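Below are the chains, spelled out letter by letter.
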Amino acid sequence: MEQFNIQGIDLFIVIAYLIAIPMFGFYFKRFVKSEEDYFLAGRSLPFWIIGFSIIGTNIGATDYVGAAGGAYRFGLTQANFEWIGALPAIALSALLFVPYYWRSGAYTVPEFLGKRYNQTTRVIQIICWGSFLVFLMGQFFWASSLMLDEYLGVPVTLGLIVTALIIGVYTVSGGMGAVAMTDVVQLLVMFIGGIAITVLGLWTVGGWEGLMDKIVPTHPNHLKLFLPADHPIYPWPAMILGLAFVASPAWWCCNQAMIQRTLGAKSEWDAKAGMMFAGFPKMFIPFLTIIPGLIALALNPDLMGPDMDKAYPWLIKNLLPSGLAGLVFAAFMAALISSVDSVLNSAATLWTRDIYQAYIVKDAADKHYLRVGRLITVLFIVIAIIIAPIMKRFPGLFTAGQYFLALFQGPTFAITLLGIYWSRANQWSGMAGLIGGMFISAMLYIRYDVSFFYVSWWSFAGAFIITVVVSLITKPEPVEKLEGLVYGLVMKDASIQDTLSKRAGKQGG
Amino acid sequence: MKNNMKTFTIVTLLTVVISVLFIMAVEPIQRWLETPAVFWATVVSIITFLATMVWVWTRDKTYVLLGSPDNKRRRDLRLWAFLCSVLMILAYIIFA
Chain A
1 MEQFNIQGID
11 LFIVIAYLIA
21 IPMFGFYFKR
31 FVKSEEDYFL
41 AGRSLPFWII
51 GFSIIGTNIG
61 ATDYVGAAGG
71 AYRFGLTQAN
81 FEWIGALPAI
91 ALSALLFVPY
101 YWRSGAYTVP
111 EFLGKRYNQT
121 TRVIQIICWG
131 SFLVFLMGQF
141 FWASSLMLDE
151 YLGVPVTLGL
161 IVTALIIGVY
171 TVSGGMGAVA
181 MTDVVQLLVM
191 FIGGIAITVL
201 GLWTVGGWEG
211 LMDKIVPTHP
221 NHLKLFLPAD
231 HPIYPWPAMI
241 LGLAFVASPA
251 WWCCNQAMIQ
261 RTLGAKSEWD
271 AKAGMMFAGF
281 PKMFIPFLTI
291 IPGLIALALN
301 PDLMGPDMDK
311 AYPWLIKNLL
321 PSGLAGLVFA
331 AFMAALISSV
341 DSVLNSAATL
351 WTRDIYQAYI
361 VKDAADKHYL
371 RVGRLITVLF
381 IVIAIIIAPI
391 MKRFPGLFTA
401 GQYFLALFQG
411 PTFAITLLGI
421 YWSRANQWSG
431 MAGLIGGMFI
441 SAMLYIRYDV
451 SFFYVSWWSF
461 AGAFIITVVV
471 SLITKPEPVE
481 KLEGLVYGLV
491 MKDASIQDTL
501 SKRAGKQGG
Chain B
510 MKNNMKTFTI
520 VTLLTVVISV
530 LFIMAVEPIQ
540 RWLETPAVFW
550 ATVVSIITFL
560 ATMVWVWTRD
570 KTYVLLGSPD
580 NKRRRDLRLW
590 AFLCSVLMIL
600 AYIIFA
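Those protein sequences? They're chains A and B, same order as listed.
Mapping of the first sequence onto our numbering: position 503 corresponds to residue 503, and the numbering continues sequentially without gaps.
Mapping of the second sequence onto our numbering: position 41 corresponds to residue 550, and the numbering continues sequentially without gaps.
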């Protein structure tokens with residue numbers, strides 16, 4: 001990362017921000033009286049908080065740095081991750097998946113799949129998503145401590161402890177309510193910081209036309225959304241088939257960290273609207289991350305190799321006046337903290353609900369699960385502190401994490417989609433589709449050297465075929481098991497909606 | 510129990526057979542995927558957003574508004590999705 005130290009007014013802004021956020025989040029501890037309050041904010045969230053929180057979770061500081069670096073290297077094609085790689089999936093999630101999760105009264109996506117299919121499917125899902133989220137936390141903790149080291153001169157180990165304290169104070173005490181509310185504030189800080197750097201950068205290069213004049217002659221493909229089909233990193237068919245059709249819907253429809261806020265909605269409409277509302281800020285993310293990468297290219301085309309990932313820090317150092325640099329750094333930290341807190345809360349929910357409550361202690365009092373939820377959250381903070389330095393020693397772990405995600409997200413999306421849309425899918429087919437799809441992913445990695453977007457696509461297609469074929473040769477599920485879980489067995493009547501609302505509020509795993 | 514074991518065996522065999530056949534079929538399609546022109550990327554992406562617009566309007570209004578405090582037009586989530594899709598289509602035309 002670009003070396004420089006924040007001082008004076010900038011330092012004051014950053015420190016004030018890092019103190020204010022945990023204090024604000026800690027305030028919400030008073031509203032946590034039960035397990036439902038802790039994991040689902042008492043099912044009280046309105047749509048706008050859900051929407052902002054989802055985007056706050058979705059955009060991390062590594063996205064700022066990585067996306068700007070990607071734009072510097074490959075150009076506007078990086079924006080596909082925010083546009084076609086998000087918006088159709090958000091609509092699908094809002095109007096198809098979210099209502100069924102909400103109606104089922106489940107706390108987690110694996111819990112829903114357990115109800116729709118069987119407990120084996122649930123356990124495989126919890127192991128996959130649970131492990132991935134813990135891995136992600138380690139990565140975020142590492143990035144956070146690295147930033148504190150580079151910008152504030154805080155030693156890495158101390159940085160890890162500071163990060164843990166900032167996030168732990170309100171995540172452990174206030175649960176999802178605190179996480180969602182702080183996410184809203186952090187998203188605002190992210191937008192203010194991001195807009196500041198984009199506007200100032202565009203002004204410096206002579207506006208949009210100035211940017212084009214500087215980039216297009218030397219990098220003709222940098223202002224195009226798609227790259228040729230034989231491009232080694234981002235071939236367009238992979239972006240469409242793998243990213244837009246599978247990886248993105250799997251992320252937006254099946255990832256606990258994205259879905260959990262909607263399960264905390266005060267009504268089914270708020271759950272759906274929260275997810276759909278997230279689409280609006282999502283559309284503008286490229287203006288905060290991709291355009292700065294292009295501005296850096298226009299102003300300094302000499303960054304080479306790994307230094308290209310320093311495009312965003314280079315802009316902060318060379319473009320921003322005193323005061324704004326602190327604000328943008330605060331935006332960086334906001335992006336990081338808002339992702340870590342949500343992932344932490346979701347990972348704790350998964351392990352508490354789907355492992356501890358489902359298989360270890362089944363019928364304890366509500367207070368017991370609340371206490372266990374908090375303990376598991378603390379445990380994950382400790383695990384993240386331990387595994388974070390390992391990320392540095394083994395840089396390949398980041399890529400390994402991406403491949404691990406591609407291993408199961410295609411099959412997960414296939415069985416969830418069929419589970420909601422097709423009543424004929426049954427417990428045998430769900431399990432076979434999930435395991436078969438993961439087997440296909442693993443074989444593709446071993447046999448062919450293809451991008452993980454293609455792996456996601458093919459494993460989805462394979463899992464889809466297996467689920468359909470196995471469904472047709474095995475017995476269908478009884479209708480009673482499927483009510484409220486499958487499209488076509490929708491309960492539309494207002495009185496039934498009230499019942500569902502109560503069920504969503506009271507039902508456990 | 511015996512029936513379950515029989516189903517388990519059949520399902521396992523079927524899953525393995527389909528998976529292996531599927532992996533063998535992937536390679537030629539994968540090679541072909543390296544050939545289409547970039548023009549088709551824009552076409553497919555615009556069709557994707559158009560399909561999203563059409564799909565949201567196939568959702569029943571009662572279903573979309575279920576749980577809503579009132580039935581005002583601004584609460585119709587199909588309109589939200591429509592607006593997002595229109596903006597995206599414009600972006601994909603401009604940066605084609």
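It should be emphasised that the hints constitute simulated quantities derived from the structure, not laboratory data.
Model, not experiment: these values are computed from the prediction.
No residue lacks a Cβ here, since even glycine has one placed at the ideal position from N, Cα and C.
One or more of the hints may lead you astray.
Per label pair, the in silico range of CB-to-CB distance [as the list claims (entries may be wrong)]: (1) Y403(A) x L530(B): 34 to 42 Å; (2) Q402(A) x L559(B): 37 to 45 Å; (3) V123(A) x R540(B): 32 to 40 Å; (4) D569(B) x I390(A): 44 to 52 Å.
If you want a taste of the chain A side facing chain B, the calculated C-beta under 10 Å gives, among others [claimed, not checked]: (5) P88; (6) I90; (7) K115; (8) M239; (9) G279; (10) W422; (11) R424; (12) A432; (13) Y448.
Hints, verified against the model:
| no. | hint | verdict |
| --- | --- | --- |
| 1 | Y403(A) x L530(B): 34 to 42 Å | violated (24 Å) |
| 2 | Q402(A) x L559(B): 37 to 45 Å | violated (30 Å) |
| 3 | V123(A) x R540(B): 32 to 40 Å | holds (38 Å) |
| 4 | D569(B) x I390(A): 44 to 52 Å | holds (50 Å) |
| 5 | P88 | holds (5 Å) |
| 6 | I90 | holds (8 Å) |
| 7 | K115 | violated (20 Å) |
| 8 | M239 | holds (7 Å) |
| 9 | G279 | holds (5 Å) |
| 10 | W422 | violated (16 Å) |
| 11 | R424 | violated (15 Å) |
| 12 | A432 | holds (5 Å) |
| 13 | Y448 | holds (7 Å) |
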